[in-house]
Amino acid sequence: MERPPQAEPVGVARPAAGFWAEAWHRFRRMPLAMTALAFVGFLAAVAILAPAIAGTKPVICRYKGRLYAPCLAYYHRDWEPVIFATDKFRGEYPRNLAEKDPASWAVWPLVFQDPYRAVRADEWPGRPANPARDAGRPSRRNLFGTNQSGVDVFAKMVHGTLVALLVGFVSMGIAASIGIAVGALAGYFGGWVDAVVSRTTEVVMCVPTLVLILALLAIVEKPTIWKMMAVLGLTGWTGISRLMRAEFLRLKSAEFVAAAGAVGAGPGRIILRHILPNALAPVMVPITFGIAAAILTESGLSFLGFGQPPPAASWGSLLNDARSNLRMWWLVAFPGTAIFLTVLAFNLVGEGLQKATDPRLREARK
Amino acid sequence: MIRHLVRRLALGLVTLVSISFLIYGLIRAIPGTPLTVVVSQTDPSRRLNPADLERMKAAYGLDKPWHQAYFVWLGNVARGDLGRSISRKAPVAQLIGERVGPTLALSAGSLLLTWLLSIPLGLYAAARSGRPDERAIGLVLYMLYSVPTFVAALALQVTFSIWAEGTPWELPLFGMTSGRAHATTAAWLGDVARHAILPLFCLTYVSLAWYSRFINTNLQEVLRQDYIRTARAKGCGPLRVLVHHAFRNTLIPLVTLLGLSLPALLGGSVIIEQIFTWPGMGRLFFESLRERDYPTIMGLTLMFSVLTLAGQLLADILYAWVDPRVSVE
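Respectively, the protein sequence lines represent chains S and Z.
Letter by letter, the first sequence follows residues 1 to 366 in my numbering.
Letter by letter, the second sequence follows residues 1001 to 1329 in my numbering.
These are calculated hints, taken from the structure and not from any lab test.
Treat the hints with care, as some may be off.
As the list claims (entries may be wrong) - Straight-line Cα separation of at most 20 Å, DMTMM-like style, residue types lysine to aspartate or glutamate; simulated pairs:
#	chain 1	residue 1	chain 2	residue 2
1	S	LYS88	S	ASP122
2	Z	LYS1089	Z	GLU1054
3	S	LYS355	Z	GLU1134
4	S	LYS355	Z	GLU1054
5	S	LYS100	S	ASP134
6	Z	LYS1064	Z	ASP1052
7	S	LYS100	S	ASP87
8	S	LYS222	Z	ASP1052
9	S	LYS64	S	GLU92
To be verified - Chain Z is faced by these chain S residues, among others (derived, beta-carbon under 8 Å):
#	residue
10	THR209
11	VAL211
12	ALA215
13	ILE219
14	LEU280
15	ALA281
16	MET284
17	VAL285
18	PHE289
19	GLY300
20	ARG327
21	TRP330
22	GLY336
23	LEU344
24	ASN347
Remember, predicted model here, so these are calculated numbers, not experimental data.
Cβ atoms here follow ideal geometry from the backbone N, Cα and C, with glycine treated the same way.
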């Protein structure tokens, strides 16, 4: 009571910063959650470094006196240096580099295999072509085997990691933005805003998710992963919005909100600066679980044949290949394990986050 | 109570109309119509000539803009007519009726198995909370929960239909029966049961993991209550405390779950039914979406939505019924 008034903002800001530091401190002491987080980090590294792990284009090469990084083509087709197109490499680097510039050198990816096509005979001097049909069991050259058209499963999986993670993060990012915005508005303003939002949420919730997703995907006709993310984002926000609305309803009558209003803060400032930071912790958990769910849905849709068309590298599409020939067990085992571990990791991180941020569980622990 | 129910029903009706309007608009926006998609798939030479196409469009009401066609459909539904399937040439209600049985066989079986197994599992986990065996069970269940059903289904198919081929362990790959004529009903039932093992397992393991965790968490919460301490203090044995005092109170949230599982009971699972070509509702939905069979998609969506809303209402009513502290209002 006797504290000088200017000390107040400092006192308000500090516990907000301390909350996440404290949560991180608790999170770090959970070995399972930390292992899962490390695995997510590993996946992110694989996703980003995919062209350096498996590919048929050099990571870095010196050609006709200049340095190039043709592997960038795996991120975006237009990023392949133009000189290799004008010199008619046609994607076959090892032989062309040696023939067209004997003084050239190159740093190759760890595994010389392509995620989009089968490696041909002698493409790498002295190496046979990839086995096609059902002959491509896992071997020294094809660690995880090959699919029916002879494309290396390991390369497909390494490059598919980026797809899986992007789908998880981007679609949940879209869903979280919609859910937080809509839920915050409904909870704060109440009245007709709340009525409209709640009805809409209920409508979207009552339509079976798969019905909505399949219908939306059928409308966009040629699904790319970006359209898939948009569809998953547009259908997955309802849970977050409900939770956010409840948090806002709870917090808007809190004393610090009344204080902010008394000082003259407008609704925008109160929502963004005062309530939102305090309401964010509970929605972080469903967001993490949502990432797992989005990865699961994407691979499920690709598995059903609703994903990106064939040459695309998605874990689910490998499982779809397996359906036409179940004798190729490696098309089930490796992508299946990858999807399982990824979903498990995100679920464990979510669980850890829940334990670390939920004050009720924290007290129960003691 | 009655007033509340009437209000809920009226709101539910509004929700239903909005859902069906939304879905009708969506499916009419999908490229291709039931007439063009099905015919071009079967045989390109048998494609309809333009005059016939127009005639058929008019016959099925596809010549009208979708918002007009929607109200025609809505009017028919209000009169109890779900319409006729365009690609299957049969009333939608009859199609749904044919598919309910197989779906119910799977989902009711799975629900029953889940309850029978998850309650003892949850009780066991709560009784041995924190011990190594409980942690091991918990971890296994948690991992099971993260196994995608389609991965599990494929792995089971590879194991039991391909690797176990010719052994007594071999199980049928897909379908509901092997298609042969059966001498007795018992033989037919046995055949269906053999076909149902794999899909039933896939449907059960996820919900088993979820339910037993749910029961365990609720039990843990109840076990911290004062009246449990009182029961222990008067000298109740641990088993009696767990079953008689604690478990009965965890039944309240369980009962609401029963209501919420209503849509899954009749709605079926698209992915599992698709993998095992089980002739149920999920597969019907998947096929009718591919055939752009508007009346069937609408009929199924309407059914799913009604079930979801009814399930929520049922959950609330059950909750008020089992817990005197809660009223439906």
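Consistency of the hints with the structure:
Between S/LYS88 and S/ASP122 the CA atoms are separated by roughly 18 Å; this keeps the pair inside 20 Å, and the hint holds. With a CA separation close to 18 Å, the supplied pair Z/LYS1089 and Z/GLU1054 stays within the 20 Å bound. The suggested pairing of S/LYS355 with Z/GLU1134 holds, with an alpha-carbon distance near 19 Å, which does not exceed 20 Å. Taking the CA atoms of S/LYS355 and Z/GLU1054, the gap is about 62 Å. The hint is violated against a cut of 20 Å.
Taking the CA atoms of S/LYS100 and S/ASP134, the gap is about 37 Å. The hint is violated against a cut of 20 Å. Of the supplied pair hints, the one linking Z/LYS1064 and Z/ASP1052 holds, its CA atoms being roughly 16 Å apart against a limit of 20 Å. Annotation: proposed proximity of S/LYS100 to S/ASP87 holds, straight-line Cα distance about 8 Å (limit 20 Å). Taking the CA atoms of S/LYS222 and Z/ASP1052, the gap is about 30 Å. The hint is violated against a cut of 20 Å.
Restraint check for S/LYS64 and S/GLU92: satisfied, since their Cα atoms lie roughly 17 Å apart, inside the 20 Å limit. For S/THR209, the suggested interface contact is broken, since its CB lies about 10 Å from the closest CB of chain Z, more than 8 Å. Hint status for S/VAL211 relative to chain Z: holds, with the closest Cβ pair at about 6 Å, below 8 Å. Hint status for S/ALA215: holds, given a least beta-carbon distance of 4 Å to chain Z, under 8 Å.
Interface hint status for S/ILE219: upheld, as the beta-carbon distance to the closest one in chain Z is roughly 5 Å, under 8 Å. For S/LEU280, the interface hint is violated, since its Cβ never comes within 8 Å of a Cβ in chain Z; the closest pair sits about 24 Å apart. The restraint placing S/ALA281 at the interface with chain Z is violated, with a minimum CB-CB distance near 20 Å, outside the 8 Å limit. Interface hint status for S/MET284: violated, as the beta-carbon distance to the closest one in chain Z is roughly 19 Å, over 8 Å.
With a cut of 8 Å, the hint placing S/VAL285 at the interface with chain Z is violated, because the nearest CB-to-CB distance is about 14 Å. Taking 8 Å as the C-beta cut-off, the interface hint given for S/PHE289 is violated, the closest approach to chain Z being about 11 Å. Using the Cβ-Cβ criterion of 8 Å, the hint placing S/GLY300 at the interface with chain Z is satisfied: the shortest such distance is roughly 6 Å. With a least beta-carbon distance of about 6 Å to chain Z, the hint placing S/ARG327 at the interface is held under the 8 Å criterion.
Taking 8 Å as the C-beta contact cut-off toward chain Z, the hint placing S/TRP330 at the interface is violated, the least distance being around 10 Å. The interface hint given for S/GLY336 is met, as the beta carbon of that residue sits about 4 Å from the closest beta carbon of chain Z, less than 8 Å. Evaluation of the S/LEU344 hint against chain Z yields a held restraint, the C-beta minimum of about 4 Å falling below 8 Å. The restraint placing S/ASN347 at the interface with chain Z holds, with a minimum CB-CB distance near 5 Å, inside the 8 Å limit.
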